[in-house]
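In the order they appear, the protein sequences are chains L and E.
So the first sequence is numbered by UniProt numbering: it starts at 1 and just counts up by one.
So the second sequence is numbered by UniProt numbering: it starts at 1 and just counts up by one.
A portion of the hints provided could be inaccurate.
Same chains, same names: a pair is fine if it fits in one copy or spans any two.
Said to hold, decoys possible - Below, computed lysine-lysine pairings styled on DSSO-like, alpha-carbon distance capped at 30 Å: (1) 100 / 113; (2) 122 / 145; (3) 139 / 122; (4) 76 / 100; (5) 76 / 145; (6) 113 / 139.
Think of the hints as simulated: they come from the structure by calculation, not from any bench.
There are 2 protein chains.
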Amino acid sequence: MTDPFDDTYFMKRALQEAEAAFEKGEIPVGAVIVIENRIIARTHNLTELLNDVTAHAEMQAITSAANFLGGKYLNKCTLYVTLEPCQMCAGALYWSQISKIVYGASDVQRGFKTLGTTLHPKTEVVSGILAEEASALMKRFFIEKRNLN
Amino acid sequence: MTDPFDDTYFMKRALQEAEAAFEKGEIPVGAVIVIENRIIARTHNLTELLNDVTAHAEMQAITSAANFLGGKYLNKCTLYVTLEPCQMCAGALYWSQISKIVYGASDVQRGFKTLGTTLHPKTEVVSGILAEEASALMKRFFIEKRNLN
């Protein structure tokens, strides 16, 4: 029997968050943080609404998960995020000592892999989960935005 | 006549913030953001109090300054921070398009220079302003912490 709580299951939840961002006119990136198969944070990008470049989905998820856990380290947690984290978010994930990062689409321009951001040595990284869906949502967002302007 | 509002003047204000962090048992890092010689954000590290690895002085300063300005870009602003920013903070400063970063002490282990974080091409960087004072405060903090444990 396959595990119902696999990476695809949780990435679908992150994609739902990305769709919520899309509906608000935000660049559609969503994230969830999971501990022992339980979602403890669900967030999406809010940089426009909050007028704040630090309001990426991952940053909010880190704050929210730490708040839930009552401690600032996330070393038993997994982050699912629809887009490859940027330098800022990867830098925050470094401090959080998160156990695992699973992302969907790659960000070849501004992703932490291209820019060489250092993660915590204990952090495992998995990429490409539901990447096409995440990427298609991003493309749709930018096409609609261009057509509106 | 010398300019009373030089880098040392504003770094002293950032050092006062670092001292406020020290008093709260936080790693003593302070920051101010300035636009046209006016301080629009004063913050200090609150990672312990808030249980949040993202609560560095710079991150709060970016959010606070953007809130004051009513817009998320800080391209006419200067950040003064007592310690060299980390990857996360430098990544956030990249997104903010801040005009200038002035820091005091270097962080040779976890600073953005060592770790190679990319800043916005328009961002100027000045270092070493009141570096000894900032560094002495950090050392005093870690000595006192060690003696308490």
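- If any of the earlier hints don't hold here, list their numbers in rising order. none
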